[in-house]
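Colleague: Each protein sequence line maps, in turn, to chains A and B.
Its first residue numbered 1, the first sequence is counted upward by one per residue in our numbering.
Its first residue numbered 1001, the second sequence is counted upward by one per residue in our numbering.
No wet-lab data here; the hints were simulated from the structure.
Where is the CB? At the ideal position from N, CA and C, for every residue including glycine.
Hints may be right or wrong, so weigh each one.
Calculated Cβ distances over 12 Å to all of chain B for the following chain A residues [unchecked claim]:
| # | residue |
| --- | --- |
| 1 | M1 |
| 2 | R7 |
| 3 | I8 |
| 4 | Y23 |
| 5 | E43 |
| 6 | I63 |
| 7 | I67 |
| 8 | L118 |
| 9 | I119 |
If you anchor each label on the Cβ, the simulated ranges turn out as follows [unchecked claim]:
| # | chain 1 | residue 1 | chain 2 | residue 2 | range |
| --- | --- | --- | --- | --- | --- |
| 10 | A | R133 | B | P1127 | 46 to 54 Å |
| 11 | B | T1194 | A | L130 | 29 to 37 Å |
| 12 | A | L118 | B | A1007 | 46 to 54 Å |
| 13 | A | I109 | B | P1112 | 39 to 47 Å |
| 14 | A | L126 | B | I1016 | 20 to 28 Å |
| 15 | A | M1 | B | S1161 | 42 to 50 Å |
| 16 | A | I67 | B | A1026 | 17 to 25 Å |
| 17 | B | A1065 | A | G64 | 40 to 48 Å |
| 18 | B | A1062 | A | Y23 | 32 to 40 Å |
According to the in silico footprint, chain B covers these stretches of chain A (three or more CB under 8 Å from chain B) [to be verified]:
| # | region |
| --- | --- |
| 19 | 10 to 22 |
| 20 | 89 to 98 |
| 21 | 122 to 134 |
Each chain, written out:
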Amino acid sequence: MSDRVLRISLLIVSTAGVAVSTYLTYVHYQPAALICTGSGGCETVQDSSYAVLVGVPVAVLGIGAWIAALVLTLWNSEFARTLTAALAIGSLAFVAYLVILQLFVIDAICIWCMVNDLILVPALTLLALLRLRTAPDV
Amino acid sequence: MPKPSAASKRGRTLVIAIAVAIAIAAALVAASILTRENGGDAATTETTSTGTTTDAANPTLAVVAGIRQTGTVLGNPEATVRLLQFEDLQCPICKKYTDNAFPAIVDEYVRPGLVKVDFRGLAFLGPDSEKALRIVVASGYQNKLWEVAELFYANQGEENSGWVTDSLIDEILAEVPGLDAAKVKTDAKSAAVTKEIAAIQAEATALKVPGTPWFFVGIGLNPPYEIRPTTLEPSAFRFALDDALKG
Chain A
1 MSDRVLRISL LIVSTAGVAV STYLTYVHYQ PAALICTGSG GCETVQDSSY AVLVGVPVAV
61 LGIGAWIAAL VLTLWNSEFA RTLTAALAIG SLAFVAYLVI LQLFVIDAIC IWCMVNDLIL
121 VPALTLLALL RLRTAPDV
Chain B
1001 MPKPSAASKR GRTLVIAIAV AIAIAAALVA ASILTRENGG DAATTETTST GTTTDAANPT
1061 LAVVAGIRQT GTVLGNPEAT VRLLQFEDLQ CPICKKYTDN AFPAIVDEYV RPGLVKVDFR
1121 GLAFLGPDSE KALRIVVASG YQNKLWEVAE LFYANQGEEN SGWVTDSLID EILAEVPGLD
1181 AAKVKTDAKS AAVTKEIAAI QAEATALKVP GTPWFFVGIG LNPPYEIRPT TLEPSAFRFA
1241 LDDALKG
């Protein structure tokens, strides 16, 4: 896979990440927008004490991380590639913790959180690592 | 001494960056755990860990104290404006509404006799919803529905965790002055309660209620219209209620 294709894929994944995190942040600050529909535990997860970290909603941290990934992808340099990979691996470690919380501690699953945690962040990690391998020697 | 190659420099940078990223992730996890242990869920623990009504719940019960009740309706039966609340006793957002907005609505509109509130209980989240709803609806036959509903919210547990136990029901019913608990439990199993719950569900379906909490305002005999508060704070409801009171 060429660097160009990987970079476009990273931009798509990062944009999706920003969108999902923005939605979750909106829901966090607009509780009336999140009703109990019986289709999942989003309301339980968003209402749990784990949804806020040192006063900052976890969804806001997500927006920050995804915007960073987007900017690093746009900044097409070897250093940015390295930082993207590091950001992705750090994020993967943190979302693993969030998944464990949902499955075993909060005992409820937020579908949009899971989309972020199980699809977008692993995709970011895979693409960022693949992109490292395609990096030209300087 | 040979100069390190570009590849080895890049490798070293990568290792350092990943180490820093993992350290940040570990710090976030630690902060999450510590924040939580330092009382992040203190309020919830207070009302749910014992499975009983705690002192913290009693002020909630006082919200509806002394207000006339007629079946599912709280407030002056002659009030022209009616606020319909579709809710599920297991729904955490309904609890948030009950904690945040409901007391002010009662103080400002129901207690002065301007607005009456109509409980429209749904049980779509699971077995605990239905078990609690049957008890609440049956309490309405003794005009004590609102006290019992308030107490269920104050003791709300995790969705479908089996939190609506027989002992919790006994404790809640014992908290309500003047309530015949044995009659409530008998009525809760009756066909009349089944029919009433089915009628509310049919009404919700007809009104296209997508989930809970969901609100409608009715003026006089006119069909109720949907309101969509932007938050679950009292201010979000004042506009709709004031508007309805103007006719």
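Colleague: Hints numbered earlier in the text: which of these fail when held up against the supplied structure?
Modeller: Hints 5, 11, 12, 19, 21 contradicted; others consistent.
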